[in-house]
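A.B. asks: With the sequences and hints as input, model every part of the structure.
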Amino acid sequence: MVLVDKRILFGGVAMLAVGLGIVLYINATYPIGTPGMSEDAAMQLEQDQRVLDDYRELSGIMMGLGFLLILISFGARRKRRDRPVKKEKKPAE
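Add 12 to a position in the sequence shown, counting from 1, and you land on the number used in this note's numbering.
It is worth saying that the hints were derived from the structure and are not from the lab.
Ideal Cβ placement from N, Cα and C applies to all residues, glycine included.
Keep in mind that a hint or two might mislead.
[To be verified] For each label pair, taking beta carbons as the anchor points, the in silico distance ranges come out as:
| no. | residue 1 | residue 2 | range |
| --- | --- | --- | --- |
| 1 | P103 | G72 | 57 to 65 Å |
| 2 | L32 | M55 | 25 to 33 Å |
| 3 | S50 | I84 | 44 to 52 Å |
| 4 | L32 | Q59 | 44 to 52 Å |
| 5 | R19 | L64 | 27 to 35 Å |
C.D. replies: Okay, structure coming up:
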């Protein structure tokens, strides 16, 4: 008897792994400012940081959905239609 729907589980694990990979990559390449930056460079830095923050938020949502799929996979079992229906017989007296 299968207790887990494997396709949903692997999809959730994949989404979780991709989201985690994106978050780790964004954290490693996050731009930082330097003292004495020009006004244009500071505006560009702020814009780049805002874009990466948005990507981080989207990857967090992806990780959350992946985790949700993992949880759903433990409760989602396929119902087999080919299985015969169990009928209880009364004992003969």
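A.B. asks: Range first: 44 to 52 Å. Now tell me if the beta carbons of L32 and Q59 are that far apart.
C.D. replies: violated, 26 Å
A.B. asks: Honestly, do R19 and L64 meet the 27 to 35 Å range at C-beta?
C.D. replies: holds, 33 Å
A.B. asks: So does L32 sit 25 to 33 Å from M55, Cβ to Cβ?
C.D. replies: This hint holds: roughly 31 Å between Cβ atoms.
A.B. asks: Is 44 to 52 Å respected by the C-beta to C-beta distance linking S50 and I84?
C.D. replies: holds, 51 Å
A.B. asks: Can the suggested window of 57 to 65 Å be confirmed for the beta-carbon pair P103 and G72?
C.D. replies: Given range 57 to 65 Å: holds, Cβ gap about 60 Å.
Checked against the numbered hints above, the structure violates only hint 4.
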